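Q: Residue strings, one per chain:
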Amino acid sequence: MIYNPFPMRVVSKREEAPGVRTLKLEFVRQEDHEFFKANYRTGMFGLYGIFGEGESTFCVASPETRKDYIECTFRQSGRVTTTLADADAGDIVTFRGPYGNRFPIEGFEGKNLLFIAGGIALPPTRSVIWSCLDQREKYGNVTIVYGARTVADLVYKHELEEWKHRDDVNLVLTVDPGGETPDWQDHVGFVPSILEKVAPSADNTIAVLCGPPIMIKFTLNALGKLGFNESNVYTTLENRMKCGVGKCGRCNVGSVYICKEGPVFTAAEVSAMPQCDL
Amino acid sequence: MTRILPKNRLDDCIAAWRSAGFSVLAPVRRSDLSRFEEVERSEDMALDLVLTERTIKDHFFPQTEPLIKYSIKKHDIDTQEMVPPERKRVFFGVRPCDASGLAIDDPLFGWDYRDEYWFKRRDNAVIVTIACTTSDDFCMCSSVNLSPDSTKGSDVMLRPLQNGSGWQVEALSDRGNALLGPISSILKEGSDATASTASVPVRFDVDKVMAWLADPASFESHFWKEISVRCIGCGSCTFLCPTCHCFDIQDEGDTYTGIRRKNWDSCSFPMFTMHTSGHNPRNTQSTRWRQRIMHKFNYYRGKFGVNSCSGCGRCTRQCPVDMGITETLQAITNLTK
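Note that the protein sequences, when read in sequence, are chains A and B.
Sequential numbering of the first sequence, starting at 1, is according to this note's numbering.
Sequential numbering of the second sequence, starting at 1001, is according to this note's numbering.
FYI, nobody ran anything at the bench for these hints, they're computed from the structure.
A few of these clues could be false.
Only pairs whose alpha carbons sit at most 20 Å apart, straight line, appear in this in silico PhoX-like list of lysine-lysine [claimed, not checked]:
1. B:1303 to A:260
2. A:13 to B:1074
3. A:24 to B:1074
For each label pair, taking beta carbons as the anchor points, the in silico distance ranges come out as [as the list claims (entries may be wrong)]:
4. B:1073 to A:38: 29 to 37 Å
5. B:1334 to A:193: 29 to 37 Å
6. A:193 to B:1217: 31 to 39 Å
Everything numeric in this text was worked out from a predicted model, so none of it was measured.
Even glycine gets a Cβ: it sits at the ideal position worked out from N, Cα and C.
Based on the sequences and whatever the hints tell you, model everything.
A: Spelled out as structure tokens, the structure:
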């Protein structure tokens, strides 16, 4: 019933970057897994929790093409995430979801894809990336632009390595000035300026953009200069949530409930929201 | 000829409902705040109150309620949903504004994911409303398209007789009809005149308010800062509101055993929207007050086709700094004159 989470067993955990962990979770009960398989689509979110501490909201980082498990990636910052970060293989945590809307990836078929992510916002983007890469033949060129403050802060390093070596993916990595290491061979600079430099074509292209608000703001400017229409740019918003199902009353931006009408929006939809409520 | 419930048979009425398995709740005076409580005798009822200070919302969406009992052993977790018992309850002497409040919140708790904690209580409650013959300076039902005798959310409507000897009885739903069964021998036929309902002046123009709120330019108006400068963010107006439904979910217990609870929360509080990162979309009292007004008279309407206000006026009546929704909506009405 509503509010009662699924128990999830921790299969493994991975240190992605300082303070950032990925947990791979499997369903304890078959019926919960069936529900997830029937309902999960890329872009949806969940509430991850530990009884005694509470629940935190973040995206499902694994793609809709791989539904045997759930991966979640989070920065250890509050009470719940600190306890989740301590969970070991075999431990039981909880999941409620999947909630919210999704990236309409069927509509992306036959188009070029441009993924842009900053820092800890790669996880939601990565769910869409793999959902598309797992059906690679349906899409045109795939470009991934990913930046973090420092080399250490890049998450999913093993997958970045994999994408780098695929000839059907164009991976553009960058770190903020000062965040590079002596052996860093990729770009140095902020995501918006690197994006302008790489200048992917807006022609027949869908952009998926996730990152901190300030990065989104400047990247949208850059995309505008490159000729992208706001209705072809998708992003995902987050806000503090408690229920996840449109009742507890806090996650709205203007009249839009992030948990119900989101978390996935086009840039055009975001522009229509009262900006000072974001 | 209509059915009449004589006032001097009220104790028989309570007894009949109790023997039919109902608990009877009615307005009761308390040294702190008057409220609805279970009563066994009519003399405990405070039916002369214009309005109880606390709302009947307390009995459907309690200030704190257990959701889930959990117990955890290392690799095993046991949860038990603490759904409220199906207890038959009569709420006697509800005011039309409070009855409407329940009806306003029904779609919120029911859309998409159904909140059984609300509906288990709703489905087993019968609302017996008494039309208002008195009002005070804070009542504002007539300003939100309701009235001192509106029937929204009620199962039975009682209209006081002019001679004060009882009430004219009208069943408004199947549940209300069924409730009159056990007291059919108490009710009598009569044609006594009913007292005139209270006269509640219209205090603001709700259509103008809605139009102004719907204008995107209003969102960033300086108006919000001026009108909310007195607000101390105490949350009283939200807790005493019959339609405010925002809540928090918190665990009470430890790593091994405890209870996950749903607690009232308030858009007046800074923590309500605070991100873990420290970013807060509504980081000032004026943005929080704007949220409250917008939610009630714009957003809620957009989702459920009705304003989230039943005009009880408690937000103004109980505000420690003498603010409240009425003043804001009057100011908006004047803005657009």
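Q: Are the hints correct? Go through all of them and say.
A: Consistency of the hints with the structure:
1. In summary, the hint linking residue 1303 of chain B to residue 260 of chain A is supported, as the alpha carbons are separated by about 11 Å, within the 20 Å threshold.
2. Simply put, residue 13 of chain A and residue 1074 of chain B have alpha-carbon atoms about 17 Å apart, close enough for the 20 Å limit, and the pair holds.
3. A hinted pair counts as satisfied when its Cα atoms are at most 20 Å apart, and residue 24 of chain A with residue 1074 of chain B qualifies at roughly 18 Å.
4. Taking 29 to 37 Å as the suggested C-beta distance range, the pair residue 1073 of chain B and residue 38 of chain A conforms, at roughly 30 Å.
5. Between residue 1334 of chain B and residue 193 of chain A the Cβ separation comes to about 50 Å, which falls outside the hinted range of 29 to 37 Å.
6. For residue 193 of chain A paired with residue 1217 of chain B, a C-beta distance near 34 Å keeps the hint of 31 to 39 Å intact.
Against the hints set out earlier in the document, a violation occurs for number 5 only.
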